Amino acid sequence: MSDSRFETFETAWCPGCGNFNILDSLKNALDELALDPHDVLMVGGIGQAAKLPQYISANSFSGLHGRAVPPAAAAKIVNPALTVIINSGDGDSYGEGGNHFIHNIRRNVDIAHFIHDNQVYGLTKGQASPTADKGSVTPVQVEGSLNIPFNPVLMAIAAGAGFVARGFSGRPEHLKELMKQAIRFKGYALVDILQPCVSFNKVNTFAWYSQRVYELDKEYDRGDRAAAMLKSMEFGDRIPIGVLYQEEQPTFHEQHEVLKNGQILAGRKNDPELVRELMLEMV
Amino acid sequence: MSDSRFETFETAWCPGCGNFNILDSLKNALDELALDPHDVLMVGGIGQAAKLPQYISANSFSGLHGRAVPPAAAAKIVNPALTVIINSGDGDSYGEGGNHFIHNIRRNVDIAHFIHDNQVYGLTKGQASPTADKGSVTPVQVEGSLNIPFNPVLMAIAAGAGFVARGFSGRPEHLKELMKQAIRFKGYALVDILQPCVSFNKVNTFAWYSQRVYELDKEYDRGDRAAAMLKSMEFGDRIPIGVLYQEEQPTFHEQHEVLKNGQILAGRKNDPELVRELMLEMV
Amino acid sequence: MYNLLVGGAAGQGVDTAVNTLEALLKAAGCGVFTVRDLMSRIRGGHNFSLVRFGEETPRSHSERLDGIIALNEETIALHRDKLKPEGFILCDESVKTDDSRAIPLKLQGIAKLLGSGRAAGSVAVGAALRLFSTPIDGARRVFEKSLKPGLVEMNVKALEAGYRAVEPRFERVGGSHAGEMILTGNKALALGALAAGLQFYAAYPMSPSTSILEYLASVSLKMGIAVEQAEDEIAAVNMAIGASFTGARAMTGTSGGGFSLKVEALGLSGMAEVPLVLVDVQRPGPVTGLPTRTEQSDLKFMISASQGEFPRMVIALRHHEDAYRQTIRAFNLAEKYQIPVILLSDQYLADGTATMPVPDPAKAEIYAPEDVPAEGGYARYRFTESGISPRKFPGTRDGFVSADSDEHDEYGKIIEDSETRIRMMNKRMGKLELLKRELEEPQLLGDERPEVLLIGWGSLYGPLEEAVRLLNAEGKARYGALVFGDVWPLPDRLLREKAAGARALIHVEQNYTGQLAQLIREQTGIRTDAGILKYDGRQLSGEEIVRRLREEGY
Amino acid sequence: MYNLLVGGAAGQGVDTAVNTLEALLKAAGCGVFTVRDLMSRIRGGHNFSLVRFGEETPRSHSERLDGIIALNEETIALHRDKLKPEGFILCDESVKTDDSRAIPLKLQGIAKLLGSGRAAGSVAVGAALRLFSTPIDGARRVFEKSLKPGLVEMNVKALEAGYRAVEPRFERVGGSHAGEMILTGNKALALGALAAGLQFYAAYPMSPSTSILEYLASVSLKMGIAVEQAEDEIAAVNMAIGASFTGARAMTGTSGGGFSLKVEALGLSGMAEVPLVLVDVQRPGPVTGLPTRTEQSDLKFMISASQGEFPRMVIALRHHEDAYRQTIRAFNLAEKYQIPVILLSDQYLADGTATMPVPDPAKAEIYAPEDVPAEGGYARYRFTESGISPRKFPGTRDGFVSADSDEHDEYGKIIEDSETRIRMMNKRMGKLELLKRELEEPQLLGDERPEVLLIGWGSLYGPLEEAVRLLNAEGKARYGALVFGDVWPLPDRLLREKAAGARALIHVEQNYTGQLAQLIREQTGIRTDAGILKYDGRQLSGEEIVRRLREEGY
Ligand SMILES: Cc1ncc(C[n+]2csc(CCOP(=O)(O)OP(=O)(O)O)c2C)c(N)n1
Ligand SMILES: Cc1ncc(C[n+]2csc(CCOP(=O)(O)OP(=O)(O)O)c2C)c(N)n1
Ligand code: SF4
Ligand code: SF4
Ligand SMILES: [Mg+2]
Ligand SMILES: [Mg+2]
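Protein chains in written order, with the numbering used here: chain A, 1 to 283; chain B, 284 to 566; chain C, 567 to 1120; chain D, 1121 to 1674.
A few of these clues could be false.
Coverage of chain C stretches by chain A, computed from C-beta distances (three or more under 8 Å per stretch; other residues unrestricted) [said to hold, decoys possible]: (1) 744 to 753; (2) 830 to 843.
With a straight-line Cα cutoff of 25 Å, these simulated DSS-like cross-link-like pairs (lysine-lysine) come out [claimed, not checked]: (3) D:LYS1265 x A:LYS125; (4) D:LYS1268 x D:LYS1232; (5) D:LYS1268 x A:LYS202; (6) D:LYS1547 x D:LYS1456.
These are computed hints drawn from the structure, not numbers from a lab. Quantities reported herein were computed from a predicted structural model and do not represent experimental measurements. Beta carbons are placed, not taken as given, at the ideal position from N, Cα and C, and that holds for glycine.
Using the sequences and the hints, build the whole thing.
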């Protein structure tokens, strides 16, 4: 798209990395949603994926490893006029940041969370991430990973998320559509994105995924939570991509007595008269 | 039981608290399992529940708030001859400690995790814990909790736990049996225990629970993961207690190349000859 | 000034009795100061409060009691040795004691007659007030504020019954404090935050900081602000940073253990230049320590927490008015210099109540940076002459706003080159120099030209004030005390000046190692001659300072 | 001594070339020292290594290059100004350069002929070794160790082709290092841990500490130990504590950001008296900073991290042999005093390789406490004359073993009373005094009676050693350097002695604020006269220290 309002910049990613398509899909999604870059806040933690916010012309918050979600949620809380999008890694989001992942689903602030799931810690050179398959051999998991793989989509649905999807970096058009839906969705929206890491993950490659992924079709009922959980457990010879579960529920803002009327806290001051009233209650 | 090998001590709990029955059930369970107190390691974080390890004659580790599971898992890793049991609160285990909860299920070390679920932070005087019902009013959640309640049993099954049960402090005999099963189970075993807090939770009382809980019967197939997830979502007018899901899977020790043969690391020294060999590899 | 102790088991109503006492003493014009000695449990154990009152608002407790209200027998056993010969012990008639100072009353009997044994405390409070010749006119209003409607009448009657049961014994004291507030240190801090424009507070419960969270939550609807209980302290601080980055004045509070978990994000605030106010309400450590007691042992931790080097400010709160004022100042300094500012409080101040004049929140100065137009594209980390980069918030049309935890260029993009790194480090660290111009010297108490100079910080203000008053009253030497509020960067003008004139310097701290004394040595080369330290979770009183100073030979 | 730079983009084979060079230089008897300058990315960017070699093992890099192996053009542009006039640049013939020192070779051409362009580095290495008159006899063995079997032959041939392509130019240097190890600082540390009996290591990946985790994991099966990648750093440290409590020698390692997350548990180790070795491999902060570069800015953080007060020890690692030896010592001190011991390393040392004699692990002394019988029931926190409570592990029949983060009594049960609190604090803090008897004085380099005394710590050992050598060679004054290993508690005997005799004291540190100098002032009152500081992520060289000392007028 030549008339894009979003620029992208030179990256520090390896040639052939799955991250490039994700950046493209995101740019296209944002364009098609006709968002003004000035109203977009991109948030990342630390990692290869988490560098994405640095590579697109929008506001950006590059915080701490594992801690992308709390500042993102808070940013949205204080300024709901912003479109807040997190791009970060699987290690960042499910490993170091696992507690925020779970509890921000419960908080249901209206943000989109895009996780580049390459099953490794890319930036630190290839150790197993929580989503690594059992038996994955890495420089640390020398005898193969022993842990039960973390299933992000199942966990998200179990935790109560209202929008849970899986995308694939090798299907950028499909991914773009998922991103658009996630951004539009009112509430916390997760897209776990299968992202080949060409440098450190020699198993889950583009080819490996391409042979396995299939798109959920129109028949699939994304509103059935129990069925969605079952579907989420499918990860092997066949891997479904698309929106696994979607169900609107009251967002944080909609339920919050202060925020429900569109209160913007950013830049706001307190009325000294109200403070005085509080003081007088203590007299 | 008068010939118990386990003593219990004076507590700092409020009269009428649901914790007392849990302590009793545990003591009876340990006795019936004929465990030697010297081989039992009780681990807790910080909170009212987490004081339990101080109240029973066994080895004890009272660590940090939210951090009961990592030292417990490590203790078992280095000395599998110990029976390692965690008693801690819902805030401790699912709130501050949420990340360890998720990832230690994946690790599947053979420990039993008993969570006193009173839906509040008791020791800090009654704020909502992750399991608090929507709308719970507390000194912090003044307009009622907005968050989607954390469903520990569903989350545990989704994360891959092999033994997931719910007990009720008001059914101490039943609870004792659950505890025995959990301790015997090979792998990480969770018992979420409904525990009325008489000081701060005026809604989820003994009476409230007694009207709602029912025991899963023999018909119930605890081996069906999908059905177990569905059953786990039942929490309202009727609340099932019992073992919701059980399925043995390889434990950490069974899979670990070093530990699988019963290696005890505690008290062990390294063979200098092996170290020398490593050095010579660098020559 | 009088000192009254109210004691009983947790859950027995010590707090209710104390609240009533405080309110009625204040209504009678007294300045009031209460410290709370709590056990880390919900019911049982032994809790007590020391209520001190007089013409002026006291700033510390005293060990010499004029009276004891004993809601159980244990209270008498534990505290009678501190009761003056002419003091009294109010207790239920059922309590067995051979203490001749005891005034056994039908506390329970009267209360039960009125409907509930829970009103026994009110009977005792009524009696105590009568002993101190203090009127109880405002009683109904007081109970209406604090109790459920159904309980008001009963407690008024209980109070009156107690009042009638004894005769006045002490001369009435009073002053002009009736129109003042009475509040805890945590509430004073919270009010300061609100006056400063707080829009976002995130925290995880932890004693003794929890009441900041609870108070702010309770007024959030009225004030129209967001108060969020986070899933853990790491989330709390990162949320506060996110909120501040987006343009809301934000704060996060906790105690030492929670602060330990915020250490990494403290550095983020410094590196990303996102203003942040952090509160650490100290309690005795290490780790869980004594959760409901007091200590001043996090000073050096606050100054050097987090990897790498970045500018920060640490302000210790000395008393209630200071808590209010310094909190406002903290927000302004955080915003002006785009740094983290740490407010260091402790349980003694946080849970202690005091009377305090109602400040005018409209007069609270709120720092408002000039809106500098972005020249040639907005750069969040622009190198400027002032050393400060103009802040804008996401949503501005002037350009894009970024925050970055990696070393970065003016636009917030990751860099690795030596030159940019050095310039950015110099820019950030240069703010420490700017900060030095903002420093407030410590407060000098007592003699203007002290021969013996006591040095302390934070909530030892009150005990030190009392100590130098007692010492100077003896007239043996000239005593003074310097009580630090700003502790990092450390102001040193007054210290150098007074130290030069003093024959002995003595640090007085609630910790084991004398942390302020160490800091002073590091920053100024000045050495203290002796130290009075306490680390058992109980605050030094003025009297104990005097006693121990004597023991040390000063 | 010679200095050779090997540079190229990440992924271009700089590391492979350097490994081959190092191995063949060592085989020829040279002592070798390499520092790595890496970018925080996997491919692309510019990485280079400085390989220094000579008769003795160098302990630092030098800025004056004898040769450059340029795997791309950028390398020449970036580094040619440091090349001596008589130096050489080995590059591919396709590279355009007007530098007369360039020796263009068919690096790519030869490699491709042999089967793969990836062998180009080996061609260059062969040529470089010939220029330094160094034999390449061991080449096959070297490649057999480092490469897949299929690639060995090709690389041997490539190396030989390069060797033949040029003529010797420099006099051969060599020594007796052929039988030594060559390893990174992180590996030296890991070997120390293994020699000390490490049974359990838990960590979360973080540069530049990750290679400790990876190395230990790679040998875990052979050694029969548990190496666990934790879900986060908080889990890592709490696992290590749990393992140690249960009786296994345990360690956890990370860099500053991860350490920030371990701060609370550091206090747990102190309070619960569970021995723990923690490694902090420093990199430039604050927060994410410059992830793959070097700095010494966590010193004060390490000393005061965590709420409250408890004994700890902090040891800075100075060089490879020191890393091995001090790690063993750290385990022993941690166990003897039941405290946390922090090993402070940095990227310069951690990623840098050096030759080092093979130590005898059987001679590593392992502290083994006497097995004290439990008198009258085992009490984990028994008050004893020595100040240390005998440790036992869960599973013992002597009684129950407990650990407690709350203040506790001898049996580890929660207490709140003043008396027990004070005794327990005194018992724990008393260990700091005991520790002082264990302290090692800093190492004195250069003149025994220096007029100008440089003061540094950790990995500046090498650059300082070089600096004083260069300075004393000039003969204008007597120069010495004190390089601290033990930094907390701070040993001060030698410092006081040498400082008293020196006319100028200058601290040399890789940070902005001169943290050691501050600590010295706090602990001893001794002030330095000037400081040489660097905080751009690049290590000072001996030459730069000399140059900057001159600029400062010393
Ligand atoms: C507190 C902390 N711990 C560890 C690190 C080191 N670290 C940087 S990126 C990373 C892993 C990144 O993995 P992931 O989130 O999956 O992103 P990827 O690089 O694979 O895209 C780690 C462990 C850090 N920066 N901070
Ligand atoms: C790091 C840290 N944060 C907070 C606290 C304060 N704290 C102590 S107990 C507790 C909550 C306990 O709740 P829960 O785990 O549910 O146990 P309960 O008291 O309800 O049994 C909290 C927040 C702490 N001790 N440490
Ligand atoms: S390391 Fe992997 S994830 Fe990172 S940029 Fe390279 S290919 Fe992509
Ligand atoms: S506060 Fe609640 S959970 Fe704690 S002891 Fe009292 S009743 Fe039990
Ligand atoms: Mg990843
Ligand atoms: Mg609870």
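Q: For the pair we were handed, LYS1268 of chain D and LYS1232 of chain D, check the Cα-Cα distance against 25 Å.
A: 18 Å, holds
(Q) Check whether the Cα positions of LYS1547 of chain D and LYS1456 of chain D lie no farther apart than 25 Å. (A) Within the cut-off at roughly 14 Å; holds.
Q: Compare the distance between the alpha carbons of LYS1268 of chain D and LYS202 of chain A with 25 Å, and conclude whether the hinted pair is satisfied.
A: 17 Å, holds
Q. Counting residues of the stretch 744 to 753 of chain C whose CB is closer than 8 Å to a CB in chain A, do you get three or more?
A. holds (count 6)
**Q.** Proximity test - 8 Å, beta-carbon atoms, the stretch 830 to 843 of chain C to chain A, at least three hits
**A.** holds (count 4)
Q. Given the proposed pairing of LYS1265 of chain D with LYS125 of chain A, does the C-alpha separation stay at or below 25 Å?
A. 22 Å, holds
Hint compliance for this structure: no hint is broken.
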